[in-house]
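I would like the entire structure built from these sequences, with the hints used as guidance.
Chains R and V are the protein sequences, given in the same order. For the first sequence, this note's numbering assigns the number 1 to the initial residue and increments by one for each residue that follows. For the second sequence, this note's numbering assigns the number 1 to the initial residue and increments by one for each residue that follows.
Derived by calculation from the structure, the hints in this document are not laboratory data. These figures come from a predicted structure and were not determined experimentally. Just so you know, not all the hints are guaranteed correct.
[As the list claims (entries may be wrong)] Rough simulated footprint, nothing fancy, chain V against chain R, three-plus residues with beta-carbon under 8 Å:
hint: 1; region: 47 to 56
hint: 2; region: 71 to 77
[Unchecked claim] Cut-off 20 Å, straight-line C-alpha distance, at most; resulting in silico cross-link-like pairs (EDC-like, lysine to aspartate or glutamate):
hint: 3; chain 1: R; residue 1: LYS77; chain 2: V; residue 2: GLU24
hint: 4; chain 1: V; residue 1: LYS50; chain 2: R; residue 2: ASP49
hint: 5; chain 1: R; residue 1: LYS67; chain 2: V; residue 2: ASP39
Ideal Cβ positions, reconstructed from N, Cα and C, are used throughout, including at glycine.
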Amino acid sequence: MSRFNNFRSKLADELEIPNDAISDNFELTMHGNKKVIIENHLGLTLYEDNQVSVKTRDQDITIKGSKFKIEEINQYKLIVKGKIKEIVFGMKE
Amino acid sequence: MLIFKLINFIRGYLVIRSDALNSEKVLNILRRKNIRVWDVQKKDKGTRFKISYEDYIKNSSLIDEIMKPVAKKGARFKLEKLKFRRGFSMGIFILIIALYLLTSMIWEVEVVGTSQTRINEIMAFLEENKIKTPLALSNKEAKKLENLIYSNFDYKFVDVILEGSKLIIIVKEKEAEPAQIKTNEPSSIISSKNAIISKVIAKSGQPVVREGDVVYEGQTLIMGLVKKKNSDEFMVVPSDGIVYGKTYYNFEMKEAKRKSINVSTNESKSVYYLKIKGNNIKIIGDKEPYENYNYREKTIKVPILSNLADISLLKGTYYEEVIKEIEIDKTTAENKMKISMYDELLKKCDEDSRILKSTINFSEDDDFYYMLAQIELIEDIGEKVRIYPQTQEKTEEKTEE
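The structure is reproduced here in structure tokens:
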């Protein structure tokens, strides 16, 4: 995470405003193990039936499971539906 | 998501198939072009997804280059199709209108609650007033018809109900009133209850009781039989007068010290039924979801279906109630017993009656409050009865014997 982004994230925490409003951090919401919503993403890197990888500014998110279906994808938000077993956060080199 | 899908259904959307091996790349391109993509599904060969028609128009050159639109879906395209099939769509439209008009008309009139002769009279009256089937009748007009029948016939009650394509007229005949005795008919006055005579005011007829006499129910007080002047013969006359008597009423009442009352909890659950010809078929909800409840029903008519057949929706609501035990204080119980006693007394005696003396005693045990009361009244106890003179036939028979 870049220093400036880190500072913006801290500022958002202090001001008690949504983190993604002023920082580039992604926001991940889970609805049970059936649905994942990723906001502030930068695109898909892999889409298979049992795995979905998403690129964000500082991390790569890999969702593992089965019967994956992308319910919606737009510039800001990605909604993945399916049977989620594991979510892995990989730091960028 | 449902709203989003519905909006896109109205505005139209495209189902697109991408055979590219790298489906992620295609999706990222669309994302960068600010195209909203939904329902992405991985297929054996490539990916299938949906985009809005507007996005497709804006980026058609790019989309046509890298992927293939499979189908155009939504209301927009369906309406476009209908433009070419004008005759068919007009036919459907006319059919719906005709169906609505025909089912909103009345095709049958039924009269309930009276004899066949009276039914025929009502039917003839309706025809006279140009009310013939088929007929379109609003609820307001039904009320007018109700008033019209009520004013033209001698019924106690008239109700006009529109049920589907049927007009039901419910009538109730007036009960025959007891025959009143005419003033010039020979009559006597008898006692309507057991009493001690207090005052006798006889305007006509012969009084047969005096002040202080004890009389029983049915005993003659003023007789409609008087002696003719200058003759030994008697003649019958109409009796008239007022006989006041002292009457006594005894009351025994009790009131529980603790009572259970139902208190609403403001919780409610609904159950929906499909009502077909009086039979209820449950659709959603549970029957009797609470131990104690208050149940209310409401019939919802389905616009065309209810007119075509006897089908409607029935909404039943169960309001939860809890049983609470409350203590009743002595004053409240005593007042309540007194009020019910006077209510009962009013039913038994005349409005002009006057209370002379009332003795009320209260007592109580562990469970109940008791009241013992004796009320002494002065009231008009007279009741007019007709005197039937002997018929000529009977007298003839007697002479033959």
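Each hint, compared with the structure:
Check on the region 47 to 56 of chain R: 3 of its residues sit with their Cβ under 8 Å from a Cβ of chain V, so the three-residue criterion for coverage holds. Coverage of the region 71 to 77 of chain R by chain V holds. Counting CB-CB distances below 8 Å, 5 residues qualify, and the rule asks for three or more. Using a Cα cut-off of 20 Å, the hinted pair LYS77(R) and GLU24(V) holds, with the two alpha carbons roughly 15 Å apart. A threshold of 20 Å between alpha carbons decides the hint, and for LYS50(V) with ASP49(R) the separation of about 18 Å falls inside it, so the pair holds.
With a C-alpha separation of about 13 Å, the suggested pairing of LYS67(R) with ASP39(V) holds against the 20 Å cut-off.
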